[in-house]
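Put together the whole structure using the sequences plus the hints.
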Amino acid sequence: FPTGITSRFPIEEIRRFREGFHHGLLRARIKGTYYYVIHLHPSNWEIRGREADLILADIAELPKGALVALVGDFNTFSTTDERHYVKTRLEPFFAARDTKYKEKNLRDGKLDYSVIRKFTAAGLIDLEHSKRGAGYRFTGSFPTKIKKPGDHGEARRLDYVFASPSLAKRVTRAEIIADDTTWILSDHLPVIVELTHQRRPKDEK
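Letter 49 of the sequence shown, counting from 1, is numbered 49 in the working numbering, and no numbers are missing.
Hint data in this document are derived by calculation from the structure and do not stem from the laboratory.
Worth double-checking, as some hints may not be accurate.
In silico SDA-like pairs for lysine to any residue, Cα to Cα no more than 25 angstroms straight-line [said to hold, decoys possible]: (1) Lys169 with Tyr136; (2) Lys64 with Glu13; (3) Lys148 with Asp73; (4) Lys64 with Gly150; (5) Lys31 with Lys87; (6) Lys148 with Asp98; (7) Lys104 with Lys31; (8) Lys102 with His23; (9) Lys169 with Val191; (10) Lys64 with Lys169; (11) Lys64 with Pro190; (12) Lys102 with Val86; (13) Lys145 with Ala96; (14) Lys64 with Ile11; (15) Lys100 with Phe142; (16) Lys118 with Ser130; (17) Lys31 with Pro165; (18) Lys104 with Phe9; (19) Lys104 with Leu90; (20) Lys31 with Pro190; (21) Lys148 with Ile184; (22) Lys31 with Arg50; (23) Lys31 with Asp179; (24) Lys104 with Gly65; (25) Lys131 with Thr99; (26) Lys147 with Thr79; (27) Lys147 with Ser130; (28) Lys148 with Arg117; (29) Lys104 with His84; (30) Lys87 with Lys104; (31) Lys64 with Ile30; (32) Lys148 with Ser43; (33) Lys145 with Pro42; (34) Lys31 with Asp58; (35) Lys169 with Ala96; (36) Lys148 with Leu90; (37) Lys100 with Lys64.
Rendered as structure tokens:
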């Protein structure tokens with residue numbers, strides 16, 4: 001599935017990346033912020049790692065201090081959710097898929113957390129995690145209640161919004177929306193992020 005973006009503000013710049021990406025990648029600049037629209041490889045942790053490296057290399061080429069957001073389906077796991085995953089049967093589920101379909105979901109028989117670590121090591125902030133309150137209960141973004149053939153495993157968080165620290169400071173809300181509508185709207189639940197508006201100088205390009 002290719003990536004896409006829509007905005008009620010003018011899209012000032014857009015670039016599409018194909019080489020090295022299973023689903024492609026979009027980078028759009030809107031009101032001075034660079035948005036990377038992501039859909040990483042669905043079934044191979046090594047390829048996801050290479051895709052992450054390409055994204056981070058492109059971010060490194062942006063102007064110093066650029067506001068950056070990464071949004072989309074990362075198809076992988078964060079250590080911030082590991083405490084939940086150890087209670088599930090996701091590893092046997094993916095082991096069966098790896099055997100049957102010759103996929104590479106597991107790394108040495110375990111869930112792989114290395115891809116998300118690449119982004120956090122680069123200083124990017126996992127916004128949904130950063131806004132969890134004291135009474136937080138785990139909410140996965142996949143699967144939903146849409147009926148699809150086959151077993152899709154237990155709930156897990158595959159959809160993320162990461163931001164550069166300067167942009168993350170403006171975030172007032174970030175959460176996965178699970179309600180009667182979103183449970184049947186798509187096979188993934190949406191992630192909503194709200195942030196305060198920042199005026200840009202008139203001469204800023």
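Against the structure, the hints come out as follows:
With a CA separation close to 21 angstroms, the supplied pair Lys169 and Tyr136 stays within the 25 angstroms bound. Restraint check for Lys64 and Glu13: satisfied, since their Cα atoms lie roughly 17 angstroms apart, inside the 25 angstroms limit. At most 25 angstroms may separate the alpha-carbon atoms for a hinted pair to count; Lys148 and Asp73 meet this at roughly 18 angstroms. Straight-line distance between C-alpha atoms of Lys64 and Gly150 comes to about 46 angstroms, which puts the hinted pair past the 25 angstroms bound.
Between Lys31 and Lys87 the CA atoms are separated by roughly 42 angstroms; this puts the pair beyond 25 angstroms, and the hint is violated. For the suggested pair Lys148 and Asp98, the alpha carbons sit about 20 angstroms apart, so the restraint of at most 25 angstroms is met. A distance of roughly 39 angstroms separates the Cα atoms of Lys104 and Lys31; the hinted pair therefore is violated under the 25 angstroms criterion. For a cut-off of 25 angstroms, the pair hint linking Lys102 to His23 stands: about 19 angstroms separates their Cα positions.
Proposed proximity of Lys169 and Val191 is supported: the alpha carbons are some 18 angstroms apart, at most 25 angstroms. Distance restraint check for Lys64 and Lys169: the Cα-Cα separation of roughly 17 angstroms lies within the 25 angstroms cut-off, and the hinted pair is therefore satisfied. A distance of roughly 30 angstroms separates the Cα atoms of Lys64 and Pro190; the hinted pair therefore is violated under the 25 angstroms criterion. Only pairs whose Cα atoms come within 25 angstroms are accepted, and Lys102 paired with Val86 is accepted, the gap being roughly 24 angstroms.
At roughly 23 angstroms between alpha-carbon atoms, Lys145 and Ala96 fall within 25 angstroms of each other, so this suggested pair holds. Among the hinted pairs, Lys64 with Ile11 is consistent with the structure: their alpha-carbon atoms are about 21 angstroms apart, no more than 25 angstroms. Note on Lys100 and Phe142: the hinted pairing holds, with a Cα-Cα distance of about 21 angstroms set against a maximum of 25 angstroms. This hinted pair checks out: Lys118 and Ser130 have alpha carbons roughly 17 angstroms apart, not beyond 25 angstroms.
Between Lys31 and Pro165 the CA atoms are separated by roughly 17 angstroms; this keeps the pair inside 25 angstroms, and the hint holds. For the hint pairing Lys104 with Phe9, the CA-to-CA distance comes to about 40 angstroms; that exceeds 25 angstroms, so the pair is violated. This hinted pair checks out: Lys104 and Leu90 have alpha carbons roughly 14 angstroms apart, not beyond 25 angstroms. Distance check on the hinted pair: Lys31 and Pro190 sit about 22 angstroms apart at the alpha-carbon level, within 25 angstroms; holds.
Of the supplied pair hints, the one linking Lys148 and Ile184 holds, its CA atoms being roughly 11 angstroms apart against a limit of 25 angstroms. With a C-alpha separation of about 29 angstroms, the suggested pairing of Lys31 with Arg50 is violated against the 25 angstroms cut-off. Distance hint between Lys31 and Asp179 is unfulfilled; the C-alpha atoms sit about 30 angstroms from each other, more than 25 angstroms. Of the pairs offered as hints, the one joining Lys104 and Gly65 is violated, with about 36 angstroms between alpha carbons and a cut-off of 25 angstroms exceeded.
Our distance criterion of 25 angstroms between C-alpha atoms is broken by Lys131 and Thr99, whose separation comes to about 37 angstroms. A distance of roughly 29 angstroms separates the Cα atoms of Lys147 and Thr79; the hinted pair therefore is violated under the 25 angstroms criterion. Distance hint between Lys147 and Ser130 is unfulfilled; the C-alpha atoms sit about 31 angstroms from each other, more than 25 angstroms. Note on Lys148 and Arg117: the hinted pairing is violated, with a Cα-Cα distance of about 31 angstroms set against a maximum of 25 angstroms.
Restraint check for Lys104 and His84: satisfied, since their Cα atoms lie roughly 22 angstroms apart, inside the 25 angstroms limit. The suggested pairing of Lys87 with Lys104 holds, with an alpha-carbon distance near 22 angstroms, which does not exceed 25 angstroms. Between Lys64 and Ile30, the direct Cα distance comes to roughly 17 angstroms. Compliance with the 25 angstroms bound is thereby established for this hinted pair. With a C-alpha separation of about 18 angstroms, the suggested pair Lys148 and Ser43 falls inside the 25 angstroms cut-off, and the hint holds.
With a C-alpha separation of about 20 angstroms, the suggested pair Lys145 and Pro42 falls inside the 25 angstroms cut-off, and the hint holds. This hinted pair checks out: Lys31 and Asp58 have alpha carbons roughly 19 angstroms apart, not beyond 25 angstroms. Between the alpha carbons of Lys169 and Ala96 the distance comes to roughly 42 angstroms, so the proposed pair goes past 25 angstroms and is violated. In summary, the hint linking Lys148 to Leu90 is supported, as the alpha carbons are separated by about 18 angstroms, within the 25 angstroms threshold.
Distance hint between Lys100 and Lys64 is unfulfilled; the C-alpha atoms sit about 46 angstroms from each other, more than 25 angstroms.
When the structure is compared with the earlier hints, violations turn up for hints 4, 5, 7, 11, 18, 22, 23, 24, 25, 26, 27, 28, 35 and 37 and for no others.
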